[in-house]
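Participant: Sequence:
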Amino acid sequence: MVRVYSTEHGEHCKECSHPSTRCICANLKNIEQEANVYLERQIKGRRGKPVVIISGLPHDRPGLKKIARKLKSKCGVGGAVDRNTIIIQGDKRDLLKQQLESMGYKVKISGG
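Its first residue numbered 1, the sequence shown is counted upward by one per residue in UniProt numbering.
It is worth saying that the hints were derived from the structure and are not from the lab.
Some hints could be false.
Said to hold, decoys possible - The calculated DSBU-like cross-link candidates involving lysine-lysine, where the alpha carbons are at most 35 angstroms apart (straight line), are: (1) Lys108 with Lys72; (2) Lys108 with Lys66; (3) Lys74 with Lys44; (4) Lys108 with Lys65; (5) Lys65 with Lys44; (6) Lys97 with Lys49; (7) Lys97 with Lys14; (8) Lys14 with Lys44; (9) Lys74 with Lys106; (10) Lys66 with Lys44; (11) Lys14 with Lys49; (12) Lys66 with Lys14; (13) Lys70 with Lys44; (14) Lys108 with Lys44.
Taking the hints into account, I'd like the entire structure generated from these sequences.
Facilitator: Pasting the structure below:
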């Protein structure tokens, strides 16, 4: 018998969707404040077209996809999530830095 819906755990946190007794929001906020996010510009292997690679974000894949969606819409460009990094098309490092800092991350620009 497959259980489709269960009220076994009671209420769920609206932020992380975990049961209220096992909420991880406070831990994530501490990790986000301590994490360094790096913005690196690359053109190698992309026919001379620049991209910005964002690494160091302390999130799993669904969290990275949400952040990537916000950043792509703010910059008006395309991009993708690859492994633990976000790839944004174009050289938008300054705008990305402003957006990530407004989200509460410490941002460092690395590379050329």
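Participant: Against the structure shown, which of the earlier numbered hints fail to hold, in ascending order?
Facilitator: Hints 8, 11 not satisfied by this model.
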